[in-house]
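Asker: Using the sequences plus the hints, can you model the full thing?
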Amino acid sequence: MATATPLTLETLERDCRDHESSAHLHLRALLEEGLPLVAHPWQVLAEQCGLEEAEVMVCMQRWQEEGLIKRLGLVVRHRSLGIKANAMVVWNVPDQDVTRVGHTLAQETAVTLCYRRPRRLPEWPFNLFCMIHGVRRDQVLAQLEHIVQRHGLGGIEHQVLFSRHAYRQCGGRYALEETR
Amino acid sequence: MHCHSHDLDMLDRRLIDSYQRGLPVCPRPFHAMAECLGTSEAQVIDRLQRLQALGVLSRVGAVFDHAMAGASLLAAVAVPEEQRDAFAELINQTPGVNHNYAREHHYNLWFVVTAPEEKSLAARLTRLEALLGRSILRLPMEESFHIDLAFTIPWAELE
Chain A
3 MATATPLTLE TLERDCRDHE SSAHLHLRAL LEEGLPLVAH PWQVLAEQCG
53 LEEAEVMVCM QRWQEEGLIK RLGLVVRHRS LGIKANAMVV WNVPDQDVTR
103 VGHTLAQETA VTLCYRRPRR LPEWPFNLFC MIHGVRRDQV LAQLEHIVQR
153 HGLGGIEHQV LFSRHAYRQC GGRYALEETR
Chain B
9 MHCHSHDLDM LDRRLIDSYQ RGLPVCPRPF HAMAECLGTS EAQVIDRLQR
59 LQALGVLSRV GAVFDHAMAG ASLLAAVAVP EEQRDAFAEL INQTPGVNHN
109 YAREHHYNLW FVVTAPEEKS LAARLTRLEA LLGRSILRLP MEESFHIDLA
159 FTIPWAELE
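Going down the list, the sequences are from chains A and B. With the first sequence counted from 1, adding 2 to any position gets you the working numbering. With the second sequence counted from 1, adding 8 to any position gets you the working numbering.
Read the hints as simulated data drawn from the structure, not as lab findings. Wrong hints could be hidden among the right ones.
[What the hints assert, rightly or not] Taking beta-carbon pairs under 8 Å as the criterion, some of the chain B residues facing chain A (in silico):
# : residue
1 : S13
2 : F38
3 : A42
4 : Q57
5 : E112
6 : P148
7 : L157
[Stated by the list, open to error] Which stretches of chain A does chain B cover? Using the computed rule of at least three CB atoms under 8 Å from a CB of chain B, they are:
#  : region
8  : 30-44
9  : 54-65
10 : 83-95
Quick reminder that beta carbons are idealized off the backbone N, C-alpha and C, glycines included.
Answerer: Quick look at the structure:
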């Protein structure tokens, strides 16, 4: 690395905690678009946002440890592979039970997402959401039925919202527009 | 874009199975992946480019934590079924919309809006609400029990 003053691990790590510096916001915006598929991708990103390759790599490690980056890798479009039976199951769970039921659903391997959201009465009485992705609709419904039976959830009002069409499916865009 | 699972050979599948998470952070990550998979760096890069062109991969990159990275919200609207495509197009034109699905329900369009922070998220939703001429159901995440879209691909079922 050809820098005038050698970068120590401490200075690199301190810099990386500053997620909001313009170079780091630029790096985050570039990461949201995806890595360049070249032999030295971190080097290319570093050049684009005015950082050193080593700084970018330390940011990757640190942001993963801190949880800012949940995962680094191949982001699959499931629908394009044929995993098209995408069911959003919404539940109206009594408030005192919602956390327990949420954790129960989350442990099921068929459940890929599970979270609590607010009710919007009177239009929307549901406060717990989970997602089941599958190849066929009947298989997804059978998995759901199995989960309902196994955990005794038959008394909880729920609806299944299968997806009909994906108008857009891409990663979150949190970075400021001006850094793009 | 659509492809069939039989267009993907064992190397494609092993790449997907092994690296939905844990992309190596070293100067030549694709070289490190190639060594683990018993192939060449050029082959890994070539396969990733092909999978991206086929639409199987949306990208090779980072998935950010929605709360730490900024602001986000699940939103829904009920629109006339015959005008669904036109409404979906208006939603897609809103900055920060990263998912937009038609679903089988009275609320037939479901989308996720992200923004750098809460204030700009609220402004985007207010503007979109005026554009659509309909009220938007705003459903922020209050508690997360499980989010993992890097699940195991059921190759056998896709055959």
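Asker: Decide, hint by hint, whether the structure agrees.
Answerer: Hint check:
1. S13: Hint holds; S13 (chain B) Cβ to chain A Cβ min 6 Å, cut 8 Å.
2. F38: 7 Å, holds
3. A42: 11 Å, violated
4. Q57: For Q57 (chain B), the interface hint holds, since the closest Cβ of chain A sits about 5 Å away, which is under 8 Å.
5. E112: 5 Å, holds
6. P148: Cβ of P148 (chain B) sits 7 Å from chain A, so the hint holds.
7. L157: 6 Å, holds
8. 30-44: That given contact holds, which follows from 12 residues of the region 30-44 of chain A lying within Cβ reach (below 8 Å) of chain B.
9. 54-65: Since three or more residues must qualify, the claim that chain B covers the region 54-65 of chain A holds, with 5 doing so at under 8 Å.
10. 83-95: holds (count 5)
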